[in-house]
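Quick mapping for you: the protein sequence lines, in order, are chains A and B. Residues in the first sequence are numbered consecutively from 3, following our numbering. Residues in the second sequence are numbered consecutively from 2, following our numbering.
One or more of the hints may lead you astray.
What the hints assert, rightly or not - Footprint (simulated), chain A over chain B, 3 or more residues, beta carbon under 8 Å:
| # | region |
| --- | --- |
| 1 | 99-113 |
| 2 | 125-134 |
| 3 | 244-258 |
Note that these hints are calculated values from the structure, not bench results. Glycine included, each C-beta is placed from N, C-alpha and C at the ideal position.
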Amino acid sequence: MTANITWAAFSQQILVGLSKTTILFIVSSGLSLVLGVLRIPNVFHGSLYMIGAFIAYSAAMVLGGSPLGFWVALVVAPLGVALISLIVERGLFCRLYEREHLMLLLFTFAFMLVFGDLVKLVWGSDYRSLSAPPILQGYFSIFGLPFPRYNAFLLLIGPLVAFGLWFLTNKTKIGKISRAAAVDREMVGAVGINVSWVFAAVFIIGCFLAGLGGALVAPTQNITQGMDHAIIIEAFLIVIIGGLGNIWGALLGALIFGLTDSIGILVWPQFAIVFPYIAVVVVLMFRPQGLLKSVW
Amino acid sequence: MFAAAINKRSFGIAVTLLVLLGVLPFFLDRFYIYLTALILVTGLLATSLNMVLGYGGMYQFHHAVFYGVGAYACALTLIKTDLPPYAGFIVGPVVAAAVGVIMGLICVRLSKLYFGMLQIALGSLVWAIVYRWYSFTGGDDGLHGVPVPDLISSINGAYYFTLIITALCMVLIYLIINSPFGRIFQAIRDNPERSETIGVNVKRHQLVGLTIAAFFGGVAGSLFVTVEGSVFPDLMFWTLSLEILIMCLLGGWFTFLGPMVGAGIVVSLQTFVGMYTEYWTLIMGIILILLIFFLPEGVLGFFLERFSSREQAMSAEK
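Excised from the complex, chain B in its bound form (with noise of 0.2 Å):
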């Protein structure tokens, strides 16, 4: 069933990404390499809200929400607890997830913008428990100094662990899209009235994926761990929700990688023009303020139209 959704060239090009990945550290000094695991944990985590914003066509405001709660069960996990060191990795995204299913159950009754800022009244909630909950979580200091697993603490060792979770992810991500539930919420997007007429439980499928994504989005939050070993409250901060949702924009959603290259140009963009001014966000911005203004079709137009053109097509049929 999964096998005709991966045709031979686009396997060809995430074989030959992955080695070139793979074989990075033996040439990058260590900077370049914690950069690049930055990047793959940045990029796994738009890719996680592009599959509910752009395949879903749900307005999900506050997706770094999902990002902070696994970031920060995977952290207390490890500080706290005795479990063997790995469980972390499984309690972040679960954690996430179970914040998911709380806060789908109520945001799903309703839609677009209405969806999107109960969503950014929920996350908020979640943000500012974690910011005043000095004995727990740290509060506005977060986390430091979190004790990672030797195996992958030191910086390539953390490297690996972070590529391999993010291409395993992001193959999981690309079957779900691809598998029948993915096309049932794509349908969803493009018409949810005529989705809910043929049958379709729109309000539970959006629940599904909504919990999906907050559990990648939890997985992208534990690797986050791994990369940085500490947390904080802006993990979850709403700027960085609408951060990701530009990087789904810059990159193209409609489009797999879309998310991942959005991310690559926003880390890079903060972390070079960070280097030379302070006035970083100054420079995102124009760019930001550029790209919708003249290039709405470069980079959002193109697959609008494909739809449009789509769309004139059906109803040229009848």
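If we strip away everything but chain A, and leave its shape as in the complex, we get (with noise of 0.2 Å):
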């Protein structure tokens, strides 16, 4: 089986693999930051990515397939995510951070299964297609295969996104102090920052992140319901092979993931799901910690 597989399939294939990771990564870093800083295993982050492709689906239209569409949505979608988050985070969120985490995953589970409804009376139970603009459609060749435009468009956005997030941990005055309030958020209030804006800030941007992959993935696959449900544990795995609420181990994790998977579609197409958790399973039973060190 393995005989037939070209050296040029293969690098085709694991440039694919690493397409997929930056949507991987854009959607756990996201986790990440959230679960590292606040401590709430965001069940719903997975239904934000999908609320992020249905809203940038919907701006897609309004505009009526003009070139700028797609440009406009990836703008819109992760604000107006964004400004879902907002809601639930100043509406009920922030007076719950002190419960212990199986109360907060069981409540971020039931706005899952509340969001997971409303995008099926908004947007109804049909498949939905985003179409990439001009310029990012067609293909260009790579050892001699073709190479969707668009995925390598994708390649382009992870590392800005990836320096970016750095950016705004290490740079930023917000950044700093949400470090230090994942560390230690008693002190922090102490010396006198209201630690309660600044985790509704890092909650905020790491649903942004969440709808910004939603929009990001909308033109390589059918939008539809379920998007979360299978998002979402793939990008909690990863969260936690990488370490919680490490930006990089979330790169890690994302690539570990995203290439596994795509070896897999190469060597045994059948079973290409399977070969992501059993890296992960691997990974998990020697650093049972997760590659890079936690925040926590």
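Take the two lone chains, each set in its own frame, and fit them into one complex as the hints suggest.
Shown next as structure tokens:
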């Protein structure tokens, strides 16, 4: 079976895997941020990703398929999701931070149920699709094999987001405060910083990333109910193998997940979805606390 | 030794309940008998989860795997082997327990959130295999029309079989919780470090607890095959695991019958709200949000309060 896999096909598949990694990284870094600073295992993060994709679709529809549609959607969708998360955070979550993990997990799961049905109410249960702008459509050739332009675009976006997050957490004031709050929230409060608003900001940034991931994935697949179920479990596993709250851990985890997935498609397509889970289990057997240092 | 654990009052309640459930088929039509059987099966599943969650303090996030594995093992035995028909109902729980041992060996080295997440990873692995292995498990279609033995294939037969097995398992779980093992288990929940210090092997107890819970989860899975006559991968999808967690929360963990009550509420809600609207998860989600937000004391808090007051009493003694 492996004999007919050429080096070119292998490279192509790796590149496709890397562009999937980009989406996984963007979504799971948001989850990791929220988990690291707020200590909320946010199950509805996947729902926000789905909502991001649907908003992107609607935004592009409103503009009536003009080439600008996609770019507007790319801005509107994450902002819309951020707005939703602002309402949820200020309305409900800010009162629940002291609860134990299990309660928070179930609370966010309740929101996942609600959001899932709300999406069904607003957008119906049909498949939707969003096409990439003309400049990103089509293929160019790599090693003599076609490689979608859109995937190349994703490969550019990934490092950009990683750099942005690094800049945010290391170079800006809010990033520094949030890292301090992750370690010792009482102390941060004691020096006169309004921790509650720092948490809100971090939560919104995390959710923004979920929305961005949703908008970016929209042109590559059907936008459908159930997107939330698929992504959230992957994002959680990535965060866990990377080390809770560690952005670079999320990147590493996403790489492992994306690459094992694409290698799986290459060697044994029927059981491709099994490969990433095996990788996760192997990592956790040897590094139970994750590959990189957790902020906890 | 066990006699002390069963006081007269709860024994009376249990017998009354059993008699009531026993005569139910004479008054209800087919649909409600089916619904009651489904509640019993789900309730047994929730109770088996609560054994490790409420009494053991373990973050068993993916208990549905054992339910699904039990159901599949039972169904596959009935369909693909020449073993006597009832053997499936032994194979199911045993295979579930075996999966429990393997997953337990990997998971118990970790605690709390990491334990739960590793379990979800392993459980998703099992789910993914079942979901894709078309030639053996039927893939995402599942297996339908499982040849259940004649005696229990009628709705009443299935109901009584479910009732008897569920009652038996509930008694067993009750005895286990109140056995010396169960007491140590609860001590580990309240303070793992202190338990370790006085010489309890915490990890081994957690492993044994997880295996027992997996066994009973497998029993529930086998019973599901009896009631439903089919199996499908959703039985071991992680959302079901969270739904069972919700049942335990609704009914109240730390109480023995709480998860059964919670299962009754959730399954009835699903069925009746589902008749009127396809948006039953919306309603369920809102109920859950309200519950956690406004009634933490009413559901979980009562018991937490009891524990904290006991701790306060202990610290006052010092």
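Quick rundown of the hints versus the structure:
For the region 99-113 of chain B, the proposed coverage by chain A is satisfied: 4 residues have a C-beta within less than 8 Å of a C-beta in that chain, meeting the threshold of three. Beta-carbon proximity to chain A at under 8 Å applies to 7 residues in the region 125-134 of chain B; the threshold of 3 is reached and the given coverage holds. Check result for the region 244-258 of chain B against chain A: holds, 3 residues qualifying (beta carbon to beta carbon below 8 Å, three or more required).
Hint compliance for this structure: every hint is met.
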